[in-house]
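Assemble the whole structure, with the sequences as input and the hints as a guide.
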Amino acid sequence: MTGREKKKLKISAARTIPIQSSSRGAKTLVSRGSNSIPTSLTGLPSAIDVEKFVEARAFEIDAMHTAMTTASASSTHRVWQTLPRHLRRRAASHDVRRVPLRLRDRARAEMDPVRKKALGRSMPKRGKDKRIGRTESFLKRQNDKTWLETHLWHAKRMHMDNIWGYRLAISPTEKSYRPSHRASIHGSILHDASYYSLVEIACQESLLITMLNLFCDPQGPGPGSKRYLSGSRVLETYIYKVASYPYDLVAPVTIIWKPLSKATSDPEVLNQSSASKKGKGKETQHSPANDSTQSNSRSVWLRFHPSAKTAVVDILKQAASNALASYKITCKDGQEAILEIADLTGQINVFEIMGPKSSQVIKGALSPVSTEIREDFSQFWSSLTNLQSSGSVPRGMVIGFKVNDPRLRFPPKNAKPSASRSGNAPPANIILPSVQLASSEIWDDTTRNGLSKPRFKKKDIDERRAKNEIPGTPLSVLRQDDRIPILLIQRSIESSTSSDNQAIHGWTLVVPAGWSMAFFNSLIFTGTRVAGQLERQTQAYEAATPYFPRDFPFTESYENYARDREEKDRDAWTRKPPAKRVNYDKINTINPWRADWESILGIANEKRQDSEVGTSFVPSQREPGESADVTQQQIVRPWLLRGSEVPKILSTMSSMFSTGAGLLSEINRQRLKRGHEYLPKDIKPADLLRGSLINVKVTLCLRGAPQDLAVIYSLSDDLIRRWGKLIHTRNLGMVGGETPEEFELANLVPENTAIIGHVTTGHYSLARGHGFAIGAISVTHLLELEQQGMRLHANQRTKSPLMLVVVRNPDGQQCRVAHLEVLLDV
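In UniProt numbering, the protein residues as written are 1 to 826.
Warning: the hint list may mix true and false statements.
What the hints assert, rightly or not - Cut-off 25 angstroms, straight-line C-alpha distance, at most; resulting in silico cross-link-like pairs (DMTMM-like, lysine to aspartate or glutamate):
(1) K317 to E336
(2) K309 to D444
(3) K459 to D444
(4) K467 to D445
(5) K309 to E149
Calculated directly from the structure, the hints in this document are not laboratory data.
Dropping the structure here:
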């Protein structure tokens, strides 16, 4: 038979349902004679035993289910298409070995026969001298970007893009938006964050603290506080240009101090580590010094976003120069200090494991070495099993230890909490941060360089596993196996606002370079989902925290992000025909592709006038008053108000008659905490207040979902009363659906003069079940909204009055009412 006849016969057989001829379970009580007249009841039993009848029909029921399955599979699906989406592989369509063992026979029958080449021969191959190896081919493709060690795994399963000099994963190819959110809330999700920049600074402790104070955010505890100086916790803060606070925000930064230990105070160890660091891209300024100076030497790591690497390196150079200059002035004995700045990007790999099950994943995938006999570490490691969330651990806690090669215990098994008699997991023993617990050998250059390449390849590990007498048992650890030092850091994505408790907790795993795939395979085999850039952004959005650089206006990284997004969206809009794209002129959208922050602050015209004055010719003869107006014109500098003491700053401003003077006094107070001078006298309080922007949360009260770049409008007192009455009736359940009054209010678009801000990130929030957005407005308009709320709710005794605004998407004409709240840091 031909192939078509075979397929037709196969489909026909699949759609045939077998039957049974005998009818068990029926009993004939009435006898029929030969002369009886046939009726519709002829042949039917006179009585039925229900139990036996169902047993007799079991064959037909099973045959029906089998026929339904085989009929659909034989006509429209192949074997590899019947697998769940997360188990499907593209290679399974032509490689039988990529299909599970139970389905290989059917898959082999469905495979097309191997067709011979048309010409009977293959194309001529390159000569041996012209062939390019696999490694050389991969290196050649990394001329204009860098691959992570897990690149090949991600490239087969995720959409990739060139960002910040790397080839990074954007999102999985399968539909995973909701499953990724569920994993971060109820399970665990993994992200490879090895692309983050890492810089190490080593010098005398007092000099290092002076250097860090020059560019770190002065709000909250500083980098030299006792809480972080010991190295048992990490500090999350912001980097500004040297002595430029509150202007020139650069990027968020994570500061990790090297823990104090006996080896740190040993001069010989310091000399060896200093010699090993030479010639590795470090900028060293040193001269002979005594052992007493080197005995106080400390090291610190700075982790920050790769988009701000150039700016941060320039800031570190300037801060090092200023710190060394001040040290020479204050040093009385004439000793010179050693200050080293090393770029460790590429020497450390970082994984972010978020979710309540992240502790059990780490406990199951990692195996500490037997020499880890520290009592505090043993207590911590045993508590990971019953730890319901890493949020129970002190924030930023650092744990350092050594683990065996994770490939020896592959495949891993998740640790399962032990249930108590009541059915709930017993409480875990919480360990406080300590220097001994945070100590790790990963800080040593010699140790990291020795582990840059695993001693045994995967092939060698598989050969050892094949010689096991009992298949599937973990391999025994040999003396020559690698012991890898790692760091485990508690990580939380949370907002300090009590009304929005959507925090996500997890761990940051730091491993040496060369070991990404060894740890990555063990972590994802536990059922952990893998996140790309979009999933990581969604975690910050659902936790109501700003994400860098998307939610940080007036930073250089944000400007680059906004420019790239504007070009991409504009090109996509231009490629569409006029009948299939939004007419922004008709719906009165000023700029649908980029937020105009200068217009919101009211400084766009001043910039334009300044550029015209700078480029035009100045006459040689003019009036004295005219000369003063041109030369003394000041431009308002925009800046973003961030930090842990923002509520105190806003409270002080509101309590003073002159809000600008209150803001200036608070900024100068923060600068004095880090030894900075007052702001220049030419900066007026009104200009400082006028150029300030602040992040806010926008929660929709009724219906709608805000989009990125949506416009935030302020409302008049009358409209606020009408919207408030409608919200009150809706909350009481008196009205369902969209009422005519709501439709009328939604179509009232305010004037452009009522624009107070823009949405930077917004859509439908899965954690809240309604529209939610993160945006930014000017501080001046924020104070006006607070005064308006206090005026309209004078009878209510509330410290923070309800601030109502309306939000309009760039491609729509309807305004949705929302509640606005200041976005605060933890």
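Quick rundown of the hints versus the structure:
Of the pairs offered as hints, the one joining K317 and E336 holds, with about 17 angstroms between alpha carbons and a cut-off of 25 angstroms not exceeded. At roughly 23 angstroms between alpha-carbon atoms, K309 and D444 fall within 25 angstroms of each other, so this suggested pair holds. Only pairs whose Cα atoms come within 25 angstroms are accepted, and K459 paired with D444 is rejected, the gap being roughly 29 angstroms. For the proposed pair K467 and D445, the alpha carbon gap of about 36 angstroms is over 25 angstroms, so the pair is violated.
Distance hint between K309 and E149 is fulfilled; the C-alpha atoms sit about 20 angstroms from each other, no more than 25 angstroms.
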